[in-house]
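Asker: As they're listed, the protein sequences go chains Z and H. Everything in the first sequence is counted per my numbering, starting at 1 for the first residue and increasing by one. Everything in the second sequence is counted per my numbering, starting at 1 for the first residue and increasing by one.
These are computed hints drawn from the structure, not numbers from a lab. Honestly, I wouldn't trust all of these hints.
Here are the simulated lysine-lysine pairs, BS3-like style, with alpha carbons at most 27 Å apart [what the hints assert, rightly or not]:
#1 H:K257 to H:K439
#2 H:K32 to Z:K328
#3 Z:K328 to H:K4
#4 H:K47 to H:K103
#5 Z:K220 to H:K57
#6 H:K32 to Z:K68
#7 H:K103 to H:K32
#8 H:K4 to H:K17
#9 Z:K219 to H:K362
#10 H:K359 to Z:K5
#11 Z:K220 to H:K359
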Amino acid sequence: MDKLKVSSSPQFHNGDSTFSVMWSVSLALLPSTIWGFIVFGLSSLWIVVVSILSALCGEYILNKIYKKNTLNDGSAFLTGLLIGMNMPPMMNGFAWLYVPIGASFFAIFIVKWAFGGLGNNWMNPALGGRVFVFFSWTKHMTLWKVPMTDAVTGATPLGAVKSGLLGYSGSASGPLDLLNEVSKDSVSYLDLFLGKIGGSIGEVSALLLLIGAIFLIIKKIIRWEIYVPYLVVFAVFIWIFDGNRFGSGYFSGDVLFHILSGGLILGVFFMATDMVTSPLTSKGMIIYGTGCGFLTFLFRIYGANPEGVSLAIIVMNIIVPLINRYTKPRLFGYVSDGGSNE
Amino acid sequence: MKLKSFPKGGIHPPHRKNRVYSSDDLNASLPKIAVIPLSQHIGAPAKCVVNVGDIVKEDDLLGEATGFVSSNIHASVPGEVIEIKDQFLPSGRVSKAVVIETKGEFSRLGKDLDKYTWEDLSNAELIQIVKDAGIVGMGGATFPTHVKLTLPDNVKLKHLIINAAECEPYLTSDHVLMLECSNEITEGLKILKKILDPEYIQVGMEINKEDAGDKLTESFKLANLDASVVFLKNKYPQGAEKNLVRAIIGKEIPSGKLPISVGVINLNISTVYAIYEAVVLHRPLVERFITIGGGAVKNPGVYRVRIGTSARALIEECGGFNEEPVKVIFGGPMMGFTVFDLDVPVTKGTSGIIALTAKEVKSANTTNCLKCGRCIDGCPMGLVPSRLYKLIDHHQLDEAIKSGLNDCVECGSCAYNCPAHLFLVQKFRAGKSIERRSKGAK
Ligand code: SF4
Ligand code: SF4
Chain Z
1 MDKLKVSSSP QFHNGDSTFS VMWSVSLALL PSTIWGFIVF GLSSLWIVVV SILSALCGEY
61 ILNKIYKKNT LNDGSAFLTG LLIGMNMPPM MNGFAWLYVP IGASFFAIFI VKWAFGGLGN
121 NWMNPALGGR VFVFFSWTKH MTLWKVPMTD AVTGATPLGA VKSGLLGYSG SASGPLDLLN
181 EVSKDSVSYL DLFLGKIGGS IGEVSALLLL IGAIFLIIKK IIRWEIYVPY LVVFAVFIWI
241 FDGNRFGSGY FSGDVLFHIL SGGLILGVFF MATDMVTSPL TSKGMIIYGT GCGFLTFLFR
301 IYGANPEGVS LAIIVMNIIV PLINRYTKPR LFGYVSDGGS NE
Chain H
1 MKLKSFPKGG IHPPHRKNRV YSSDDLNASL PKIAVIPLSQ HIGAPAKCVV NVGDIVKEDD
61 LLGEATGFVS SNIHASVPGE VIEIKDQFLP SGRVSKAVVI ETKGEFSRLG KDLDKYTWED
121 LSNAELIQIV KDAGIVGMGG ATFPTHVKLT LPDNVKLKHL IINAAECEPY LTSDHVLMLE
181 CSNEITEGLK ILKKILDPEY IQVGMEINKE DAGDKLTESF KLANLDASVV FLKNKYPQGA
241 EKNLVRAIIG KEIPSGKLPI SVGVINLNIS TVYAIYEAVV LHRPLVERFI TIGGGAVKNP
301 GVYRVRIGTS ARALIEECGG FNEEPVKVIF GGPMMGFTVF DLDVPVTKGT SGIIALTAKE
361 VKSANTTNCL KCGRCIDGCP MGLVPSRLYK LIDHHQLDEA IKSGLNDCVE CGSCAYNCPA
421 HLFLVQKFRA GKSIERRSKG AK
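Please put together the full structure from these sequences, using the hints given.
Answerer: As C-alpha cells, then:
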C-alpha cells in the first residue's frame, strides 16, 4: 500500500486520448481502404503499404532526432493511411514506390515536423503530401483504373464530366447523362454509392466511408459543426449553379452525383474534420465548414482540377488562425449589467 | 419543469452516485485516535490552547481563532492530548494538529440534546455563536462563515443562495443530509433569514436529488418559511459558486468580485446544518456527513464522521479495499485532493473520501495539444484553456492574465475533456501562484 499516486486535480477523465482518437479514425477508414484493394487489385495494396511505412519511417527518424516518442500515438500511421487512400490505384514504372514515399515524407518532414510535430502543423499533413506529389508528378497522379478490371482509363467520373464539357454542344441533361454519351463506361448513382467507379484507392465507396463516419460521430470524434455546413453549403451551390453547365438553368444541379464523387465524402468527414487544422470553437467550425463547402464548389466547377476538395480544405486551413482570433468565446463575468435575466 | 443551468460550457461525467446509507446507523465508529489540525479553514491557523497531557471533553476548545478571518477548532472526541504534531492536510499543506487518544465519557453521544431558543437573540449574538462554533464553508472552500454573515452596513441582501448542487461524481453526502435532516436545515435557514434578512432564499440542487428537494419544500411549508428549491440540470460544475449564481438568478458575478456585488450570499447546505446545530443545540462543528466511495472500496456509504478520523479508519469501516486503489481523493474526483497515505484526517472541508481504481482514473500519456477545442467546450468561464496553457508554458504570464487566467475556477472541465491529457489545471495553478508571488514582491 502507501504508494498512492498524488496528482493535481482533476482526478477524472472522459477516457479519450490522442491514441484513441488517431486509431479510431484509422479504424473508420479501414473498410473503404479494403474495398479499394478489392476493386483495384494488388497494385493499390502496395501503394497504401508504402505510404504507411514511409510515414512511420519518417516519424521514427524525427523521433530519434528530437528525442521524442510519438510513433505510437497513431498520428503518423493515420497520415500514411490517408495519403495511401488518396493515391491513384496504379502507377507506371517505379512510381508506385517513389510517389507515395515522396508524399509521406513531405507530409511528415515538412508539413508536420517543420512546425514542431503533432498539433503544431497548420495544414493537414496528408493533404499537403498529396498536393505536393500532384504538382511534382502530375502524370502519375492522374492515371485511373476501371474497377474490377485491369483496364486503365483516363479519368474519374468527375474528370470525364469536366473534359466532356469542353467544347460540348450536345443536349445532355446532367453529368450522368453526359457520361453515357461521351464514354463507354456508363455510371449509375448506385455505382457511385457502392464504389464501382474509378478514383483514388480509398475514396470510391461512399457507403463504406459513411459507415466509418457514423462510427466517428458516435465516438464524438468528428464534429457536426464542420461536416454539416460543408455538405449543405456545397450541395446548395451545386444545386443552384451546376445545371448551368448543362444548359438546364439555375436550381437544377445534380447534387447527388457531386456528393458521391471526387472524394467529397472522404474530404468532408475525414480530412476537413482533422482536429489539428480546424478551428477551436463551434462557431469557428461552422464558418470553416461553410468556407470548405463553398470553395469546393468553386474549385470543382470553375477550377482546372475536377475534384476541388483538397485545395478547398487547404485554403481554409490557412485561414484557421484568423477564424480562431475572431471566434473566441465570451469571457464569463465581463458584462457590464451582470448579464440578462432569462 | 424547466431546469436552470449556467449557459456555456460544462461537462457530463458519469454520476456514480450510488447512495448507500442507513438512517438508523449513520454514525461512523468513533476514532481511537483523532488528529485534529489547527488549520482547517482559509485564513490564519487557530492558536493551540491545550497542552500534551491535558484531558479534554467532547466539544472543548482546542484552538482559538486568531483574528477575524480564522476559525475555532474543537475536540471531536473526549480524551487525552497525547501529542501536538505536524500533519499533512488533504491539500498537501502541513498544519499543527492536536492528537487526542479517545477515552472517558461522551457528554453528548447517544443523548437527546436540549434545544435552545434563539428567536430572542440579536444578530450580533447569533453571528458570535456561529463564530464560536468554528463554522466554515463546508463545500470545500472552508471560508469562515461568520465573516460571510457579517454584511457591510446598509447593504440589503437580495438572494440567499444555498448550494446543494453536489455536482461532483460519487458524492452523495449532501443528498443524504437533506433527506435525513430537512427540518433541521429548515430551522437553520430560519436563523439565517433572521441574520441576513434576504428577499429570497433559494436552494439550488441538481435534478438528480429531486426527492431531497421535494422533502425540503415540504418542510419549508410546514415551518412556514418563505424559501424555494431550484432544480438544476445535471451538469458539472453546477455547484461552482459563479455558475450556481448565474443559473439561479441569471446574472454573472463580475470578474474578480464577490457574490455580494450582485446581491447574493452563497452558503453550502452542510454549513446551514452546522449553523442549526450551533445555534439550537449549542454544538460546535466537530462532525460532518461524508461519502466514502470509489470502485476500490468494498462497501461504499455515507456516514456522519468526527473531524480528525483518519481515511484509513473510515475505509476499514467500509470493509476495506476490494482492489488496490491508485488514487485516494479527499473531496470529489474533479476538484478534490489526492493524498499519499491514508493517515490524513477528515477536516471540516472534507465532503468525501474516494478511492479510485486504475480503470476509473483512465490516465493516458500526455501528447502535444491537438487543437481540438474540447477544453473550450468544457470551460464554464469562457476561457481558451489550450491557449492559456501555451502562454504559461512560454512564460508569457502577462498575456495569460489578460486572457483571463485569474477567472479560471479550477473546475477541471477542460482537463477532463482533453484527449492530449495535458495537465491544464496544474499549469493554471502554477501560473496563478507565480503571478501572485511576483505581485507580492512588488
Ligand atoms: S479549470 Fe479553469 S480553464 Fe479549465 S474549464 Fe475550469 S475554469 Fe475553465
Ligand atoms: S482539449 Fe487538450 S488537446 Fe484539445 S485543444 Fe484543449 S488542450 Fe489542446
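Asker: Confirm or reject each hint.
Answerer: Evaluation of the provided hints:
| no. | hint | verdict |
| --- | --- | --- |
| 1 | H:K257 to H:K439 | holds, 19 Å |
| 2 | H:K32 to Z:K328 | violated, 55 Å |
| 3 | Z:K328 to H:K4 | holds, 25 Å |
| 4 | H:K47 to H:K103 | holds, 24 Å |
| 5 | Z:K220 to H:K57 | violated, 58 Å |
| 6 | H:K32 to Z:K68 | violated, 52 Å |
| 7 | H:K103 to H:K32 | holds, 8 Å |
| 8 | H:K4 to H:K17 | holds, 21 Å |
| 9 | Z:K219 to H:K362 | holds, 17 Å |
| 10 | H:K359 to Z:K5 | holds, 14 Å |
| 11 | Z:K220 to H:K359 | holds, 21 Å |
Figure legend: structure checked against the earlier numbered hints; hints not met, in rising order: 2, 5, 6.
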